[in-house]
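Peer 1: Below, each chain spelled out in residue letters.
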Amino acid sequence: MIAYIIQRVFQAIGVMIAVAFTAFIIFNFVGDPVDNMVGMETSVKDREALKKNLGLDDPFVVQFARFMKNAAHGEFGISYQLQRPIAELIAERMPATLELVAVSAFLSLLIGLSLGVYTGIRRKSWLSNFILVGSLAGVSLPTFVTGILLIYIFAVSLGVLPSFGRGTVVQLGWWSTGFLTVAGWKAMILPSITLSLYQMTIILRIVRSEMLEVMRTDYIKFARARGLTDRAINFGHALKNTLVPVITIAGLNIGSLIAFSCITETVFQWPGMGSLFIQAVGFADIPVMATYLMMVGLIFVILNLVVDLFYSVVDPRLRVGRSVMAGN
Amino acid sequence: MPLLEVENLRIEFPTRRGILVAVDDISFGIDEGEVLGVVGESGAGKSLTGAAIIGLLEPPGRVAAGVIRLGGRRIDDLPYEEMRRIRGKEIGTIFQDPLTSLNPLYTIGQQLVETVTTHMDLTAAQARQHAIDLIGEVGIPTPARCMDCYPHEFSGGMRQRIVIALALCANPRLIIADEPTTALDVSIQAQIIALLKRLCREHGTSVMLITHDMGVIAETADRVAVMYVGRIAEIGPIRDVIKNAKHPYTVGLMGAIPLVGCDADRLTQIDGSMPRLTEIPEGCGFNPRCGHVMPRCREERPDLMATNGASLAACWLYEK
Amino acid sequence: MTSISSDQRERAGLRASIYRLLDGDIFYSFSHSPLVVIAAAITLAYFLAAVFAPFIAPQNPFDPGALNLMDALTPPAWTADGNTRFLLGTDNQGRDILSTIMYGNRISLVVGFCAVIFAATIGVSLGMAAGYFGGWIETIIMRIADIKLAIPGILIALMVDGVARSALPLEMREDLAIYVLIFAIGFSEWPRYARVTRGATMVERSKDYVAAARVIGISPVPILVRHILPNVMGPVLVLGTIGLALAIIMEATLSFLGVGVPPTTPSLGTLIRIGNNFLFSGEWWITMFPAAALVILVLAVNLLGDWLRDALNPKLR
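Residue numbers (our numbering), protein chains in the order written: chain A, 5 to 332; chain B, 32 to 351; chain C, 15 to 331.
Just so you know, not all the hints are guaranteed correct.
Unchecked claim - Distance condition first, Cα-Cα at most 30 Å in a straight line; then the derived BS3-like pairs of lysine-lysine: (1) Lys-162/C x Lys-73/A; (2) Lys-244/A x Lys-128/A; (3) Lys-225/A x Lys-128/A; (4) Lys-228/B x Lys-225/A; (5) Lys-162/C x Lys-244/A; (6) Lys-228/B x Lys-120/B; (7) Lys-274/B x Lys-244/A; (8) Lys-120/B x Lys-225/A; (9) Lys-73/A x Lys-49/A; (10) Lys-274/B x Lys-228/B; (11) Lys-244/A x Lys-225/A.
Stated by the list, open to error - Residues from chain C that keep clear of chain A, each with C-beta distances beyond 12 Å, as calculated: (12) Thr-98; (13) Ser-220; (14) Val-229.
Said to hold, decoys possible - Label pairs and their calculated CB-CB ranges: (15) Ala-7/A x Arg-176/B: 32 to 42 Å; (16) Leu-163/C x Ser-118/A: 25 to 35 Å; (17) Val-229/C x Phe-134/A: 31 to 41 Å; (18) Asp-234/A x Trp-150/C: 20 to 30 Å; (19) Arg-176/B x Val-13/A: 30 to 40 Å.
Hints in this document: simulated from the structure, not taken from any laboratory. Where is the CB? At the ideal position from N, CA and C, for every residue including glycine.
Let the hints inform the model, and build the full structure from the sequences given.
Peer 2: Structure (structure tokens):
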């Protein structure tokens with residue numbers, strides 16, 4: 005068991021280095037950093053000096069090592085567009101994104117799981133069919149359309165909820181939270197529904213199809229033949245077996261939420277990392293893009309690691325180490 | 032009075048091309064403590080009959096007609112909850128593949144105790160002890176330690192023993208064993224069959240042994256029913272059916288089994304193959320392949336009738 | 015029998031195949047699910063509208079000469095201030111919304127289709143290579159595919175788009191934008207196809223006839239194309255249909271965010287973005303109708319994909 009954990013941690017570190025490497029390549033070799041930082045009028049001599057200053061003349065490996073060292077210290081360079089240290093920008097915006105993602109994750113998992121299980125168990129009820137049709141609509145609604153629709157209904161027509169921003173935030177150290185004010189929560193409602201809707205329907209459909217697969221297995225058939233109650237079969241056997249793939253889904257879900265938060269943040273002008281990234285793409289702001297890549301890569305790697313470790317706890321088949329009982 | 036009575040059972044599958052009849056008006060009985068073998072080719076309807084008896088026929092299949100009685104009490108029209116109580120407690124079931132029959136995420140102890148407590152009124156400790164005793168009875172060493180092991184930690188033969196333990200744990204009066212040895216190595220098959228035989232003899236449990244393997248039947252059954260195209264072709268005591276088969280299909284089956292010490296150069300072979308459900312012939316289902324076919328065979332379907340031996344056969348040859 | 019020419023035999027074979035298709039289970043399930051038939055009809059309608067847009071659109075919205083600023087901001091025809099010339103209203107430049115939707119739909123469908131074909135081609139080729147040759151080729155390809163699958167497509171597409179943007183000199187950016195977009199979306203989707211193809215290839219490869227062909231010395235390419243490819247087509251078709259819906263959504267999202275197609279050739283996503291600015295001043299139709307058009311298209315394609323997956327699933331037959 006310990007060996008498994010160590011192996012996974014090493015793998016994770018490996019992937020992180022690969023991600024950092026990709027970010028580094030993008031950072032330094034796409035477009036000319038010097039060109040991007042200075043105006044057109046700077047003389048060639050000054051450019052050379054700047055290059056030397058930035059260490060762009062050094063061998064590749066040295067540059068990479070320096071890059072890694074800086075990254076480890078939280079120094080990511082300066083945004084081309086906004087001319088501010090990227091580390092500062094990230095620190096400012098991270099709480100906004102993380103809070104949004106947390107609320108949306110909770111919503112999408114809670115509703116997605118329960119509805120998925122329900123439609124898996126009660127296949128024929130009209131409520132199940134209704135939910136299924138609704139889920140198809142949910143999958144066909146792009147996130148930004150959902151956002152616009154919600155804004156139109158609740159902000160423009162009814163005027164009950166704000167359509168942009170985080171409302172009032174409270175500063176706790178370097179973290180700014182919207183959870184402590186009514187205005188903050190009000191501002192959170194529309195964006196979190198928007199962000200969670202798409203994921204919710206995906207989770208629903210996957211959970212349902214897993215549930216249906218499980219219900220068709222031989223061990224469920226055998227459980228029925230042994231006269232176990234429906235409750236024991238549905239919640240004891242079927243649910244537990246469905247849970248194993250669902251864990252992976254939950255992990256991926258959070259990853260997707262982070263990705264899709266770019267869109268939601270743009271629609272609602274939510275001051276998070278996602279909207280920062282979108283702006284960077286539009287402006288070809290390479291340092292911001294590379295840093296975002298690394299941040300997201302880090303979060304993904306950690307997520308994957310946690311999911312894998314969780315897996316081995318839940319599924320006894322993965323626990324290496326017990327020998328097979330001999331005999332026949 | 033027989034323990035299990037099946038009368039005029041008919042199982043249908045409605046499809047868009049019409050209604051397919053998978054089991055067509057079969058009747059048989061199983062006495063207390065007896066082992067009835069049900070033998071036939073794949074698709075003859077054996078497993079469906081077993082599924083119908085315990086009320087687990089999968090849709091769109093449905094029981095279109097017939098009466099099933101257990102100990103004199105009718106069970107084919109019971110509501111779901113009452114049938115559930117019968118399953119496991121009065122009728123136990125064993126399926127073909129022991130690997131997929133056991134839930135991989137629960138220890139065998141958990142699965143045993145769960146079944147025991149569903150049907151029997153025991154305390155947790157008593158249930159656990161009962162489970163340990165069962166594991167020992169089916170011949171698995173160190174039962175107490177095994178309680179906390181998972182199914183994937185056992186070999187195929189051991190798993191089937193656990194499945195047998197699960198089927199027996201509430202002391203049912205009847206066990207329906209659907210191809211219990213087909214998925215196992217030949218060397219293990221004999222052991223499992225011997226185990227099943229011994230346990231059922233000791234507990235006085237009747238067995239409906241469904242298989243396509245005539246050798247297993249020969250060793251284990253008291254009586255045997257030969258099924259063909261959803262109908263019973265012949266039914267009778269095991270010795271009579273093997274040594275003195277009456278129905279031409281059974282004769283063909285017996286001729287196709289190689290016997291140690293026999294002189295024949297070639298095994299007899301029945302020409303053709305069992306018809307598909309969509310192409311069941313008129314009259315007797317076997318008539319296209321039968322060497323003794325008469326005009327009547329192509330028009331009227333024969334019921335089981337007495338022959339000059341101890342078994343009954345559904346064949347016009349034996350009409351008085 | 016030899017008196018029948020090979021031509022006639024081929025035609026008879028084709029006719030027989032069509033009869034078989036119409037009589038088969040797949041068509042049965044199709045004609046008996048009214049929802050799926052509607053979905054197919056809708057998709058076909060969109061497709062035709064895209065092809066024939068220049069001929070059937072009431073107005074060419076990109077011809078400045080056809081526009082009249084006096085018509086700007088007209089609400090839909092059925093409202094009080096509406097005008098029957100502009101069924102769904104006009105935008106701030108006097109462009110007929112219905113026409114812009116038809117033209118925008120073109121771009122959306124073109125990008126979507128091309129992205130899917132691009133992804134499928136790469137994915138199937140790599141998948142077949144991985145499944146057939148095994149070894150380190152397989153390991154490398156599948157590793158990359160796994161990492162890819164772990165990252166949501168939209169991020170990859172954004173990344174590729176951003177990098178391409180900065181790598182290309184300014185003048186070329188607009189012209190190449192569509193190709194970059196197709197590449198970005200296709201690049202993020204290929205692992206799905208690779209996974210499925212590899213699985214199917216491995217199944218076929220273990221069969222005897224493939225072993226026999228290899229022993230004789232037939233090179234892998236004909237084997238792959240003639241034997242393995244047909245077996246893979248089913249699942250790839252399902253993936254492609256669902257993938258089309260995803261590609262359309264992705265393109266619309268990227269265009270909405272401003273990093274998709276250039277403003278000169280607006281897709282449905284661009285239209286929604288432009289219309290969004292008018293939402294608060296009450297001209298809801300400028301964004302709502304393109305949004306509705308997008309959603310209906312994606313819904314129809316999703317329905318088709320769902321049905322196709324169930325119809326082709328051997329386990330459910």
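Peer 1: Each hint: holds or not?
Peer 2: Here is how each hint holds up against the structure:
1. Simply put, Lys-162/C and Lys-73/A have alpha-carbon atoms about 27 Å apart, close enough for the 30 Å limit, and the pair holds.
2. Simply put, Lys-244/A and Lys-128/A have alpha-carbon atoms about 22 Å apart, close enough for the 30 Å limit, and the pair holds.
3. Simply put, Lys-225/A and Lys-128/A have alpha-carbon atoms about 19 Å apart, close enough for the 30 Å limit, and the pair holds.
4. For the hint pairing Lys-228/B with Lys-225/A, the CA-to-CA distance comes to about 24 Å; that is within 30 Å, so the pair holds.
5. For the proposed pair Lys-162/C and Lys-244/A, the alpha carbon gap of about 29 Å is at most 30 Å, so the pair holds.
6. Our distance criterion of 30 Å between C-alpha atoms is met by Lys-228/B and Lys-120/B, whose separation comes to about 19 Å.
7. Simply put, Lys-274/B and Lys-244/A have alpha-carbon atoms about 52 Å apart, too far for the 30 Å limit, and the pair is violated.
8. Distance restraint check for Lys-120/B and Lys-225/A: the Cα-Cα separation of roughly 16 Å lies within the 30 Å cut-off, and the hinted pair is therefore satisfied.
9. Among the hinted pairs, Lys-73/A with Lys-49/A is consistent with the structure: their alpha-carbon atoms are about 29 Å apart, no more than 30 Å.
10. Between Lys-274/B and Lys-228/B, the direct Cα distance comes to roughly 22 Å. Compliance with the 30 Å bound is thereby established for this hinted pair.
11. With a C-alpha separation of about 16 Å, the suggested pair Lys-244/A and Lys-225/A falls inside the 30 Å cut-off, and the hint holds.
12. With a cut of 12 Å on Cβ distances, Thr-98/C stays outside the contact zone with chain A, its closest approach being about 26 Å.
13. The non-interface label for Ser-220/C is consistent with chain A: the shortest C-beta to C-beta separation is roughly 25 Å, beyond 12 Å.
14. For Val-229/C, the shortest C-beta to C-beta distance to chain A comes to about 37 Å, beyond the 12 Å cut-off, and the non-interface label holds.
15. Under the hint 32 to 42 Å, the C-beta atoms of Ala-7/A and Arg-176/B, about 24 Å apart, miss the expected range.
16. Checked against the hint of 25 to 35 Å, the C-beta distance between Leu-163/C and Ser-118/A comes to roughly 27 Å, which is consistent with it.
17. Between Val-229/C and Phe-134/A the CB atoms are about 58 Å apart, so this pair departs from the stated range of 31 to 41 Å.
18. The supplied range of 20 to 30 Å is broken by Asp-234/A and Trp-150/C, whose beta-carbon atoms lie about 50 Å from each other.
19. Checked against the hint of 30 to 40 Å, the C-beta distance between Arg-176/B and Val-13/A comes to roughly 33 Å, which is consistent with it.
In this structure, the hints that do not hold are numbers 7, 15, 17, 18, in rising order.
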